[in-house]
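Trainee: Full structure from sequences and hints, please.
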Amino acid sequence: MSVWLPTATCRPETCLADPAPEVSHPRRALRLTACLVAVLAGLLFSLPVRMLPYDGRDRLARLWARVLLRTLGVTVHLTGPGGGPGGGGVLVVANHVSWLDIPLLAAGRPGRSLAKTEVRRWPVLGPLIAWGGTVFLDRDRLRTLPDTVAAVAEELRSGHPVIVFPEGSTWCGRESGRFRPALFQAAVEAGAFVQPVTIRYRLADGRPTSVPAFVGDDGLLTSLARVVAARGLVAEVTFLPPIPPPTPQPTRAGARRELARAAQAAVEGIR
Numbered sequence: 095m096s097v098w099l100p101t102a103t104c105r106p107e108t109c110l111a112d113p114a115p116e117v118s119h120p121r122r123a124l125r126l127t128a129c130l131v132a133v134l135a136g137l138l139f140s141l142p143v144r145m146l147p148y149d150g151r152d153r154l155a156r157l158w159a160r161v162l163l164r165t166l167g168v169t170v171h172l173t174g175p176g177g178g179p180g181g182g183g184v185l186v187v188a189n190h191v192s193w194l195d196i197p198l199l200a201a202g203r204p205g206r207s208l209a210k211t212e213v214r215r216w217p218v219l220g221p222l223i224a225w226g227g228t229v230f231l232d233r234d235r236l237r238t239l240p241d242t243v244a245a246v247a248e249e250l251r252s253g254h255p256v257i258v259f260p261e262g263s264t265w266c267g268r269e270s271g272r273f274r275p276a277l278f279q280a281a282v283e284a285g286a287f288v289q290p291v292t293i294r295y296r297l298a299d300g301r302p303t304s305v306p307a308f309v310g311d312d313g314l315l316t317s318l319a320r321v322v323a324a325r326g327l328v329a330e331v332t333f334l335p336p337i338p339p340p341t342p343q344p345t346r347a348g349a350r351r352e353l354a355r356a357a358q359a360a361v362e363g364i365r
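In this note's numbering, each residue's number is its place in the sequence shown (first place is 1) plus 94.
If you're looking for bench data, these hints aren't it; they were derived computationally from the structure. Some hints here could point you the wrong way.
To be verified - So the derived label-pair ranges between C-beta atoms look like this:
| no. | residue 1 | residue 2 | range |
| --- | --- | --- | --- |
| 1 | 252 | 274 | 17 to 27 Å |
| 2 | 348 | 116 | 47 to 57 Å |
| 3 | 151 | 299 | 36 to 46 Å |
| 4 | 325 | 251 | 41 to 51 Å |
| 5 | 119 | 348 | 21 to 31 Å |
| 6 | 169 | 263 | 22 to 32 Å |
| 7 | 120 | 314 | 18 to 28 Å |
| 8 | 145 | 356 | 36 to 46 Å |
| 9 | 248 | 119 | 17 to 27 Å |
Built from N, CA and C at the ideal position, the CB exists for glycine as well.
Mentor: The structure is reproduced here in structure tokens:
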């Protein structure tokens, strides 16, 4: 599993205007402890799991992601064709709200993800993320973007699903960003389907919430503390019908923009 932890784009006065009900401090401590155990277990078993056939790794990744989310008190609702067309290489693209988005997608459609290079240096999580087959992007050296696109295209040709967040940063859910077309070029070059996914967070009473979002200058620990404190946090993940690659298979200008627009329209139609 891998995580891209981007800069937040939402303002506290907009996103946290309606605070969520909270659990007791002992329950928060229990959730944090269980989360740490789940992360350490993932680290411990990551190497032997990589030796299993792909189907076995896929099932264990789904199980681990669901256990992790349960330790955090998150109820997950998955809908739609999470398997993708033929179960092969698919570019999975979703709106981006939180660091929770990655385990949410893994719970329904495990795949290799795109992460910023700084994540590789994280203590404990860094090696786990790298061992998960992450494709890393140096966002301070955009001249490396063509190499990243080529790496993603190769993963798709090899039959591996790849997860990207084309908005490029997190949004609180009340606001959203434009799907940037650059990484859709990988689907064009590989002749791969694109599967749009919508991620939404709400409370048990149905109210939308931005509790899991990165807000202002939030760091991972601040966001984690808000998540484990929330009562009745529900995550809804909708896998939408896959979009076929352009035909005939070109690298013509505009093909990636067409895919980006079609994927964003599908996501916004649900969101």
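Trainee: Evaluate each hint against the coordinates.
Mentor: Do the hints match the structure? See the list:
no. : hint                     : result
1   : 252 with 274: 17 to 27 Å : holds (24 Å)
2   : 348 with 116: 47 to 57 Å : holds (49 Å)
3   : 151 with 299: 36 to 46 Å : holds (37 Å)
4   : 325 with 251: 41 to 51 Å : holds (45 Å)
5   : 119 with 348: 21 to 31 Å : violated (55 Å)
6   : 169 with 263: 22 to 32 Å : holds (26 Å)
7   : 120 with 314: 18 to 28 Å : holds (23 Å)
8   : 145 with 356: 36 to 46 Å : holds (38 Å)
9   : 248 with 119: 17 to 27 Å : violated (48 Å)
Hints 5 and 9 from the earlier list are contradicted by this structure; the remaining hints agree with it.
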